[in-house]
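Based on the hints, put chain R in the right spot on chain C.
As you go down the protein sequences, you meet chains C and R in turn.
Quick note, the first sequence lines up with residues 2 to 488 if you use my numbering.
Quick note, the second sequence lines up with residues 209 to 302 if you use my numbering.
FYI, nobody ran anything at the bench for these hints, they're computed from the structure.
Glycine included, C-beta positions come from ideal geometry on N, C-alpha and C.
Do not take every clue at face value.
In silico BS3-like pairs for lysine-lysine, Cα to Cα no more than 25 Å straight-line [as the list claims (entries may be wrong)]:
| id | chain 1 | residue 1 | chain 2 | residue 2 |
| --- | --- | --- | --- | --- |
| 1 | C | K432 | C | K373 |
| 2 | R | K252 | C | K66 |
| 3 | R | K252 | R | K232 |
| 4 | R | K269 | R | K236 |
| 5 | C | K64 | R | K232 |
| 6 | C | K176 | C | K228 |
| 7 | R | K223 | C | K78 |
| 8 | C | K64 | R | K236 |
| 9 | R | K285 | C | K66 |
| 10 | C | K64 | R | K252 |
Simulated restraints, written as ranges between beta carbons of each label pair [as the list claims (entries may be wrong)]:
| id | chain 1 | residue 1 | chain 2 | residue 2 | range |
| --- | --- | --- | --- | --- | --- |
| 11 | C | V57 | R | K216 | 22 to 30 Å |
| 12 | R | K232 | C | V57 | 22 to 30 Å |
| 13 | C | T26 | R | P218 | 30 to 38 Å |
| 14 | C | T26 | R | Q297 | 19 to 27 Å |
Away from chain C, derived, C-beta distances all over 12 Å, residues of chain R [claimed, not checked]:
| id | residue |
| --- | --- |
| 15 | A247 |
| 16 | E251 |
| 17 | K252 |
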Amino acid sequence: MQGRENTGYSVQFGVICLKVTQGETNDRQTVLHIEVDSALVEQHMGRAHQRVAARVNVPGFRKGKAPRRVVESFVGKEYLLEEALESLIPAAVSAAVEQEGLKASATPRVSVVERDPVVKIDATIPLPPVATLGEYASIRFDDEIEQVTDEQVEESVQRLTEANASWNDVDRPVKAGDLITFTSRGTADDNTFMDQTDAEYLADADNPNPVPGFSAALVGIKPGESKSFSIEVPEDFSRAELAGKTAEFEVTVASVREKSLPELTDELVKGLGEGINTVADLRIRIRENLEARATQALRESLEEKVVDELVERSTFELSPIMLEHEAEHILREQEQALARYNISFDQYLAQTGQSADELVANATQTAERRVKRTLVMDKLAESEALEPTDAEIDAEIESLNAEHAGHDHEQTDYSSDEARQSVAAVLKRRKAVDRALEIAQTKDDTAKSATKKATSKRKKQVDAAEDSDDSVKAESDEPDVVEASNE
Amino acid sequence: MNITDVLKAPVVTEKSTVLQEGGKYVFKVDLRASKIDIARAIEKVFNVHVKSVNTLKTHGKMKTYGRNRFKQPDTKKAIVTLASGESIQLFEGA
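Just chain R, with the same shape it has in the complex:
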């Protein structure tokens, strides 16, 4: 998979902020990206070393708009653990 398509956005929530203190960064990633893709992308973009990647998929909710029912897109999140001592300036320009 093309490395530029993997990372979509950082996830900025209370939980992700807490995780950052342990060197774990949360991103929204492409549904089709594998853990290896993600690790490579992170290493390339932020110039750090990735220790491990955990991923999870969230299923899009069914929504009703008037008479129409449609599905919100599924998303995939990745929790990236960096090598100890390394960090990402996540919010710069975010």
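One chain only, chain C, in its complex shape:
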């Protein structure tokens, strides 16, 4: 290996030395030029021989019994070396990473530069991403909760009564919205396209079947009466055999039924939910539900906005390899999700009209967003010194277990240290989000000072632009401005 300034030292790795040269660091990725000691290669060749011997049939030997040189001459030394590299590369790269005191955030990208006589590997190591939190104390969102109006409540009540509506026979001509029973024949160009006896039909003006305008034509027919009429079918009608033609109808109405909404009584309301005994109860319950939903929606949208804003204000250094890795992860998740519906990736692409490249690009974008958001949360937790307590972690694990208990899929074991850590990480991020929300919704002194700064600055700029001599006056104006902004 050619010596470089910052390089050329070897460190003990067990009994084996690795010669590692670190290249430049770009985009949070660094290249390690690794020269693997022949002893380490030999060790892996030995293992490779055992693996190959076990699967290759060498005449004269039982499987796995052929000695090294026989196998070598049988399959070729190169083949054995390839096999050895398979286990050698990960071992050497991870050892080299450790030796250099680095930390890889994803699987390094490796290329073998030279095989014989020395194995030389170039590994591109994605380093953990770095995020610098922007100034976050001044993030403010004063989104108000959406008030639940009486109309919304009434609408829900209306829907409830509609669901309990009944149809009653009436003896009067058809009106829009009635449910009728009729015998009908429809022809177009001497072709019968509809022939129904005692069919039920909802004469709603919005009903586009069998052709638009049909329901309107029914209005006014009395039960037992017949009527013939013709309708011009529009050119763009979905049934090609009718489009643009004149449809002739012969209809005999058998009966007319009218929709009758039940009266909203305590009787009706009972049994809709626990604790609901009167109509008033129902209204209160509906209002509560709507309010809860609004609060939830507000919180979610705020969370989204706050984290986005945090991301916006922070700077990141991400390694492309890591992003790619994340994107692959996302794509795999998508594929699994699709597989559950028996859809292959190709079918999905065809259906959504996306190209494979677009899909990958999307995944990369999502990956970047995901990584950034997570990073920001972690950083925030760090700078605010948020750590979940043991008790909190225990409680979370318990609730997770309870959640999974009802399902028959595999139980996740949270008892291992690793699982515990990941639960703790999730909790930490959740705490960070909570904290961010808290910050964004406080109306404290920092908020004032932040507003003050911003306002006075703006004010000054305006003044300076208008008349630079007036700057003294502008200074004295400031308190008023601040007070105004506080109100």
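For chain R alone, coordinates are given in the frame of chain C:
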């Protein structure tokens, strides 16, 4: 017998590999070669000293191919014991 015609091929099997550890090498040899021929050939070709030669013949199996029955050729193998400490680089170029 002509010395160049004696040795045909090394026998590379699990058993022969084990024998090598005791300084014994197994070859396929010409059916007509005598132990003396074999010893001379080995000494000449590999530049070693032969302590002893054991031989064995294997009879070719009868095979049927379609309607035809024919006999696979007989072969002769020789197990050559070298003087202690000597060895043959059997697999070089094999």
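Structure versus earlier hints, numbers of those that do not hold, lowest first: Hints 2, 10, 13, 14 not satisfied by this model.
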